[in-house]
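Engineer: Given chain A, work out where chains W, L and R with the ligands should sit, using these hints.
Protein chains in written order, with our numbering: chain A, 1 to 332; chain W, 333 to 664; chain L, 665 to 878; chain R, 879 to 1092.
Please note that a few of the clues may not be correct.
[Said to hold, decoys possible] Simulated crosslink set (PhoX-like; lysine-lysine; CA at most 25 Å straight-line): (1) LYS278(A) - LYS334(W); (2) LYS202(A) - LYS334(W); (3) LYS534(W) - LYS2(A).
Keep in mind the hints are simulated off the structure, nothing from the lab.
These are the residues of each chain, in order.
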Amino acid sequence: MKKLINDPDRVLADSLVGYAAAHPEVRVDHENRIVYRATPKDSGKVGLVSGGGSGHEPLHGGYVGLGMLDAAAAGEVFTSPTPDQVQEATKNVDFGAGVLHIVKNYTGDVMNFEMAAELASAETGAQVETVVVNDDVAVQDSLYTAGRRGVGTTVLLEKIVGAAAEEGRPLAEVAALARQVSESGRSMGMALTSCTVPAAGKPTFDLPDDEMEIGIGIHGEPGRRRVPLAPASDIARMLVEPVLADLDFTASPAIVMLNGMGGSPLIELYLMYGEVVKLLEAAGVTVARRLVGDFITSLDMAGCSLTVLKADDELIRLWDAPVNTPGLRWGV
Amino acid sequence: MKKLINDPDRVLADSLVGYAAAHPEVRVDHENRIVYRATPKDSGKVGLVSGGGSGHEPLHGGYVGLGMLDAAAAGEVFTSPTPDQVQEATKNVDFGAGVLHIVKNYTGDVMNFEMAAELASAETGAQVETVVVNDDVAVQDSLYTAGRRGVGTTVLLEKIVGAAAEEGRPLAEVAALARQVSESGRSMGMALTSCTVPAAGKPTFDLPDDEMEIGIGIHGEPGRRRVPLAPASDIARMLVEPVLADLDFTASPAIVMLNGMGGSPLIELYLMYGEVVKLLEAAGVTVARRLVGDFITSLDMAGCSLTVLKADDELIRLWDAPVNTPGLRWGV
Amino acid sequence: MAETTIGIAELTAWLRRFRELVGGNRGYLTELDSAIGDADHGANMDRGMAAVVAKLEETPAETADDLFKRTGMTLVSTVGGASGPLYGTFFLRLGTSLGAVAEADATAFGAALRAGLEGVVQRGKAEAGDKTMYDALAPALEAYDGAVAGGSSLAEAAHAALEAAAAGRDATVPLVARKGRASYLGERSAGHLDPGATSATLLFQALDDTLAGK
Amino acid sequence: MAETTIGIAELTAWLRRFRELVGGNRGYLTELDSAIGDADHGANMDRGMAAVVAKLEETPAETADDLFKRTGMTLVSTVGGASGPLYGTFFLRLGTSLGAVAEADATAFGAALRAGLEGVVQRGKAEAGDKTMYDALAPALEAYDGAVAGGSSLAEAAHAALEAAAAGRDATVPLVARKGRASYLGERSAGHLDPGATSATLLFQALDDTLAGK
Ligand SMILES: Nc1ncnc2c1ncn2[C@@H]1O[C@H](COP(=O)(O)OP(=O)(O)O)[C@@H](O)[C@H]1O
Ligand SMILES: Nc1ncnc2c1ncn2[C@@H]1O[C@H](COP(=O)(O)OP(=O)(O)O)[C@@H](O)[C@H]1O
Ligand SMILES: [Mg+2]
Ligand SMILES: [Mg+2]
Ligand SMILES: [Mg+2]
Ligand SMILES: [Mg+2]
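One chain only, chain A, in its complex shape (with noise of 0.2 Å):
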């Protein structure tokens, strides 16, 4: 395993240790692992806290900031939360409006937030309104099951429902807002390499040079299929058909985003853009705004994924509004 860490089993605290050093505008709380904003928001604005296993940066803590998140707790790497950390930062940015979990559907995740809204309304009497990202449709959906994992879909929920927290909008609506765009969203990704974790020494998966994994998600586990290694442009439609077959995205404008898993470089992922907008323009679907980059990675994996967001003109609106955080910066 070759990666800039001193010990496995602290690779965590270590990097939230560098984060803080390098973004005096947010504050962390290294004993229960939270991140703020070094300077809150005042009272009346809904409080949103979002969280997961770490491994996914700038994903969350790198969204906490003017117009997005005012808390983020972080989780050993690919394992989510407590509920501890969530009630504490829960409690933190309760600012009497209250607070809004956002919450990727990973069993693990769902639990420990539920947790955490349960501890901390029954602690401090806190209003707590779920939203729960499921987006992926690399996973086949049913009843029975856990359901689609959340992925992209909660960058850009993140970034849209927070500039309308930051509007000073109730907490009924901002939850409303946050289911609107949860279903709005649908992801798929791909990669070509597996991670490795920490602790865990080595690749979770084998991939041999001349294949690739199809509908990963963003900790490692397998796909949905091997195939073999293939051209940017076949890629691009391994990714786009999924999408585009699950939803409708030709009567609205679109917010595209092409993610880096966190081991390629930008070079391919402006590639994989202009594959993706290609057929995505081909299909009738009108890009609106776009973002190409590493957004929610899945530590040294190299591959991409693609989300791509139903919006409407309020939520280009709130898109475009104002937003000053390490990971996303505009307008401020």
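Structural biologist: Just chains W, L and R with the ligands now, kept in the frame of chain A:
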């Protein structure tokens, strides 16, 4: 070779297509492989032109925009652009106040920019000044060699000098500032893995699982020495010590960049930054501003580099000035 | 004659032994989780049980509810992931069910295990055949209850539980997961042991080790 | 009797043959550049010479200065890197030196090669032993001039040049680079062939192949 590409010989062209689609705020001349601001500055501003081999994204195309470059010429992967490209860019951003060429110190880059400057002066009488960045302390400097490589300081220089040019300062001042910044920055890099040049099809060098290269540049050239894999805290020492040994950074505020080489994820870069900043502060360096992330990469290489710039109040002021480019954005 | 009670010392020893087994199988559990999950089950269980044992070292528990509630709360607050809330709830319910006693008979202990399993189901909604820890826990409790009903000692019942847990664990191999992270793999989840069913079997292994020779 | 001139057809054939050799050795040149450079010398030379030959296909050159100036300018504008300006300048100077002629005698051709080398030195400031293309080019011209002075034919002089170039190329192995990208490696650059000296040797290989049998 596992990459998100179509054809190894078409990587640059294809990537520029995606880059143009991703960033409507820039304009790409695909024939000449030049990135311009979509909305050029009015006359009176010194034009800033940089460029170099591709594979270092976001450098240089990602730094075109308000407060940084006016144009960037993109060479083939790891191959400096041709004089024609640089001349074309120079011609188009000569707003009557002259043009500054920002060149990284490689034989190829220096010669091609030199020829471009000669051609531009001869053809249009353009006033061209050149700054050559040579900040890599891994390379022993000497009158009889090609001198030091230009690496990370280039990014900081393009930001700071870009702000000065944006203020409408005359060419001589802008060039003098550029030389000051160039002389005040030092860098040192390391690699955990080699990069793979697409046209070569395999890693430039082989590196066993338990070794790393210290003193690498940004072209997959082997480093100064190969040492056993070490914890981040030791790696930090191997980067910090030669930088501090080369220039005194204790008398003035410093701007620090902990840069990823393209294949190392953000969680590791933050961790490294934590280690680096500890050592810098222990050595009496006051870190006034900092950047952590992928800013000048080497394709898919895993590893990082450290750049420290001796600043002063004026450089800090220019650093803080608004910048709006795909690769760096604040204050706008 | 059948030994019918389990005391606070043995209950504590059970947890210590579980911690040892989890530590010794940390790499193995993570390897299982690599195949159909996210390669952290070993690290998660190890971190959690190490914290539990550290807590118990500070102040030994004198009653079952103190022992298991502290265990459960420690797991909930140090593990995260799916296994944190699930194992945490399991032990919390064990504590609630047993109450402030210093020892329990086979029936009370069986009822407590059942309460623990119900907690797991409440939190995780798993059913038989979903390829989760449920598939080891449920048959283990079934076997335990049967053994006790048939007049076995607690130690004998624990041994029966271990055998049933192991069989249930092994039976997860061909299953297609319907809960947890492995469910994202669909058909590709078949052919692998479930990590949680494997750690749950270690829990009964630990009980059997603790009571063996009694 | 010694053949004393080289005509435009042969000069063009020389470039075509150089293009073939560069194409055939593309991988090899890149491999050499991987060891002490940035793994692009093969791609650079191949891209450049392919463009040159394409240009010559469009409109064949009728004079030496047209031939070599177009070659030089095409290299300058398609190669980039260190080799673009260096080979580009080499050919530009060749054209200037030969002028608008359709053939050149051995002395004029030798003077043109010398002008080319001077251009390379002006641009790149390389000296003998710096471990660059200079270390193949300079001895090659030395040998060529010596052969011509000794009464050899142009073809014989070209062959002598090839042998000297190859020897100069091989002698770069132990050198510590002082110019170009390999100089960044310091002592680690020793023990490797210089890529540019290798491609420069191919240039004389191409000349020898073209004139062989004459
Ligand atoms: N809904 C559920 N009900 C019961 N057990 C579950 C459920 N979801 C997951 N598990 C168990 O949790 C185990 C995985 O635990 P762990 O790897 O620690 O958490 P995570 O999946 O969050 O990484 C699985 O092997 C499975 O046995
Ligand atoms: N200053 C110089 N003078 C002469 N030749 C040089 C000089 N610098 C480099 N070279 C030659 O150029 C070759 C490398 O060419 P190439 O790989 O195409 O360019 P780059 O180094 O820009 O990647 C070297 O092997 C060397 O022979
Ligand atoms: Mg996990
Ligand atoms: Mg090069
Ligand atoms: Mg897991
Ligand atoms: Mg080269």
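Engineer: Just pull the numbers of the violated hints for me, sorted ascending.
Structural biologist: none
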